[in-house]
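Undergrad: So the sequences go chain by chain: A and B. Start counting the first sequence at 910; every next residue gets the next number (the working numbering). Start counting the second sequence at 49; every next residue gets the next number (the working numbering).
These are calculated hints, taken from the structure and not from any lab test. All values reported here derive from a predicted model rather than from experimental measurement. Every residue gets a Cβ at the ideal spot worked out from N, C-alpha and C, and that includes glycine. Don't take each hint at face value.
As the list claims (entries may be wrong) - If you want a taste of the chain B side facing chain A, the calculated C-beta under 8 Å gives, among others:
no. : residue
1   : Tyr118
2   : Glu331
3   : Trp339
4   : Thr588
5   : Ala590
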Amino acid sequence: MIRLIVGFMLGLALLTAPALASDAKLKKATGLYKLFCAHCHGLNMVNPGTSSFDLRKWPKEKKDEFYTVVKKGKRNMPAWGDVVTPEELDLLWFYVVTRAGKKPFPEAAAKSAPAPEPVTTMEPGKLTACVARNGGVMSGARHNGGTGLDYGVVEALAEALNLELEVTWFESEQEEESDPVKETYAMLAHGLCDIVPGFALYASALSGLEGQRGALPRWDDQPDHLPLGFQVDLKPVAASAPYARMEMGIVVSGPDVPAFKSLADLDGRKVGVEQGTLAGVLTLRQGTQAMVAQAQTFNPGPAFLWKMENGAFDAALVTVAAFDFHKRQNPISKLRLSDYRHPLGFNLGIALLKNNAPLAKGVDEALKAMLSSGKVRKIAEGYKMHYAEPKAPYVQTRLTLKDILTIR
Amino acid sequence: MALKQISLAALLALGVHSGALAQSLDDLKNDKNTPGDILTYGMGYDLTRHSALKQINTDTVKNLRPVWTYSLADTRGQESFPLVHDGVMYVTTHNSTVALDALTGKQIWKQVIEYPAETPRVACCGIVNRGAAIFNGKIYRTTLDAYVIALDAKTGKEVWRTNSIDFKTGYSMTVAPIIADGVLITGISGGEYGIRGYIEGYDPENGKRLWRTYTVPAPGEPGSETWKDGGDAWKRGGGPTWLTGSYDPDLNTVYWGTGNAASWNAGLRPGDNLYTSSILALEPKTGKIKWHYQTSPNDPFDHDGTNELILTELDGKKVVMQASRNGFFYVLDRTNGTLIAANKFVDNVNWANKIDMGTGRPDVTEITTKARSGEEVVYWPSAFGGKNWSPMAYNPDMKIAFANTLNIGMKYKAVEPQYRPGVFYFGAEFAWEWPKGARGSLRAIDPMTGKMKWQAESDIPRMAAVLSTAGGLVFTGTQTGEFEAFNSENGSKVWEYNTGSGIVGQPVTWEKDGKQYVTILSGSGAVYVLFSGDERLAKTPAGGSVWTFALGD
C-alpha cells in the first residue's frame, strides 16, 4: 500500500526530475572493466598477454564464447558465475569488442547475439512476474500462489497467453526514499522477471530513466553475494495498456455517509491528513480554511486508518486501495468509503522491457480482452476490492502544482 | 651419475637420512648462522637476506653457471621463497608444493593444491604464493582460497588443513607463514576487496587457531576512536597483512606490517584508521599488540605498508626498519616503537613533505588533502609504491639496504565505492603516470638518511627480491628474465644469466659439502605484468622454473 502512496508522491517528485544524460555507456563499461578485469588484463585492456590473455585479441564475432568464458572460466580465467550481472556482462562485451572504446561497436558483434530470434519470455513456456509480497490489497504472497488484483491479473494473463506463471516475490520497501518506478526498472533490467504489474502510467515514468542506476528491492531467493540495495543499470521500459485506475476517496467514521461533492464539504468535521501523500496534500490545498486549521496530520501507512478507527479524526481522503486493505484487516470496521472520488488519479499498467516487443503486443491484447470481457473487474471483486476502470488519458503526462490546486 | 641422484632422492623420500626432519625452534633461531640450511623466510628471522657465504664473490662470480633447473609447470608469477633443509629444497606455487633434491633438482614429491576455479577473482595482484615454513617435520603454507595447511615434509602428505575464512568475501592468502615461539603465524590478503584484515596464530601440531588479531578494531576496542565515520567503515576497513613478518626471539616479539585502509576513499573514513598502514609489534603466543607505529594515517593512496620489517642493530640500538610503499624509509627502536629516522628513499614523493620526528606523523602536502576531498590529483609514488612487495636485503657490515625501488606516479580521484562481496572495492578512479626515464632502480640505501650510495636503473622495473652476500655481491632479477649479480660497493653489474622467463622471485644462497649455491625462481607474472599494461613484456613468456647456480670449475 505504501507503494501506491509513494506512486502518488512520485507524481510530485517528477515535477522537478532533471533531464538525463544517456551517453555514459562507455564510462560505465570502463568502470566495470576496472572492477572485474583490469587486475589481470591490464588497466586499459593493454597487457603483455603472457600470464593472462590479451583481450585485444578476442575475436569480435565470438560473443557467445565470451559470455561463457566469463561465467564459467577457462584455463587461468576464473569463473565469475552470476557475480557479474547480465547487464554488466553486456557492458563488458561492449568494452572488449570496442577495444576499450577505441573502435566502433562492430555490426558483426551486435548481430551474433546469443538468441537472435525475438525473445518472448526469459524462460520458454513461462511468464515470470515480479509481484510485491507486501502490496497490501493489490498483491500478497500466499502459501500456494498469491492474492490481490495485481496477482490475479498476472495469473489470468499467463493463462490467456498459454504460459506457466512463475512469480518472483519481492519486498516493497516501506521507506519513503524507495522509488517503486526505479525498482521496477531495476528488476526488469536485472532479469528477475518478464513483467511487473502495478506500474503507474505516467509519461515521466516511461522515459529518461535508462542510463541511470536503480536499487533492486529484496526478493525471495536473492543470492547472498548481492548486498541489499544493489544498484543496477536501468534499461528502457515500456508499459502495457491500463487495467485499472487508482483513485482517492473520502472515508468517514460511519454510520452516516453523506454524498460529498468536493473536499470542501468536509468543513466542520475533524479531518485527518496523511502526511507526505498526494491525498494529504490535496486535503490541505482544497479544504476550507477553517477545516485545514483544525486538521491533524499523521504518519502515512496502514496505521493512519487505524487512528481514525480509534477516533483520532472522523474524515479523510485516502486511496481507495488503502481503505480496501484496512477493511480486509478489520472486517468489522466502522469506517465507510463514500462514493466521492477525487478527479486526480492514475492508471495501472504492466511494465516490461522495451526491447521485448512481441511480449508487449501479447500482453496488450490479452489485457484489452480481459478488460472488455469484465474479467479484471471480476478479479477485483473476488478480492472484495472497489474497482475503477482506467480513464483516458491512459498515460498521464505529469502532475503539476496547478493540477493540485485546480483539479477538484 | 643419474643413478646416484635417484638413489639419494629415494633415500630422502624414505626419511632414512638420520635426523633429517628435526627442525627445532633453536634451529629456526640459528638459521642465519647455518648456511647449509634455509629454514626461515627471509634467510633468518631478521629478514636481512644477507649471507655470510663468500665462495661466490666479486672475483669468482664470472664462473657462476646453472647446475640444474626444474619446471614448475605453471604460467603464473613465481614469487616463492625456497627453503632448504638437509639437502631437500621446498618450493611453492599457487597450486602446488614441491620437494626437490637440492643438489640435482630432481623431484622428491609434488603435492597439487586444488582450489575452486573462481578463487582468482579475489586476488588483486597476481596468482602467487610466497613460500612455506618448516618446523618439526612439517611444511606449512597458505592457499589462495584462504586455507592454512601442513604437509608431511617427507612425503608431502597433508597432515591438517584449516580454513581461515570464506574467500568469496574477498579474502585470500599468498603469504609465507612463520613459526615464532612455537606458533604458526599467518597474514591475509584482500585490501582491495573491503576485507577486515587480521593476523592469526595456529598450533603447528594440529592446525587449531590460537588467536586472531584484527588490524581494524571493532567499536569500543582500542584504536576504534580513530574510525570517526560513525558507521560501519571498520567492517570493510582493510588493513591486510600479506607479507611475512620478522621475529626477535630475545624480545619474543613478532613485527608485522599492515596494509592500506579500504576503500581508498579516505574521506569516507575520517580519522587515522588504526591499525592500517602500520608496523605492529606482537606477542607470538597471544597475538597481543605490544606497540604500533602508523606510517600512513587515513591513507587515500593504497600505500599498503605491509613491506618487510628488517631487524638489525644501529648505533647500539635494536631497530626495525622498513622501506615503505609510501616512499619513506623508516627506522624505529624495536623495543618500543620510537621513531629514529624517516627519510625519502625514492626521488618522487609528493604526498608528504617529511615525517615529523616529534609526532612521528607525515607532514602531508596539498596533494593528500585534495585527494581526500575528492579532487583529482597526480601523486607519487603510485599504488605500486616507492617499493612494491619485493623484499630488500640488508648488509649489516656495510649498514646498507639494497632495494628494488619504483618510480611510478598515479592519476587519482576518489569516488563513492559500492560494496559487493568479492569484487574490487577501490573507491577511486585511477591511471598510471609513467616517468620520462626508468620506471625502477636497484638502490643501495643508507637506512638513516634514505640517501642512495648507488643505483642500477631499469626501464622495466625489477619486481624481484634482493639477496646480499659477504662476497660483496647483490643478487636480483629482471622482469625480462636476467638473473643478475651486482658489486655491492659500487653497483656495477658483474654477472647475468637469462632464465627464459621473467624473474619476480626471491634469490637465496646456501651451501652443501663446501660448495655455495644460489637459487632463484623464474616465472613472469604477478602485479606489474598483469596490471601495468607494459607491452614490452609481451616478448617474455610465462612459465615457472627453479634455477640453481654454482661456480663452475
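Undergrad: Hint by hint, where does the structure go against what was stated? Just the numbers, ascending.
TA: As far as the earlier hints go, 1, 2 and 3 are violated by this structure, in ascending order.
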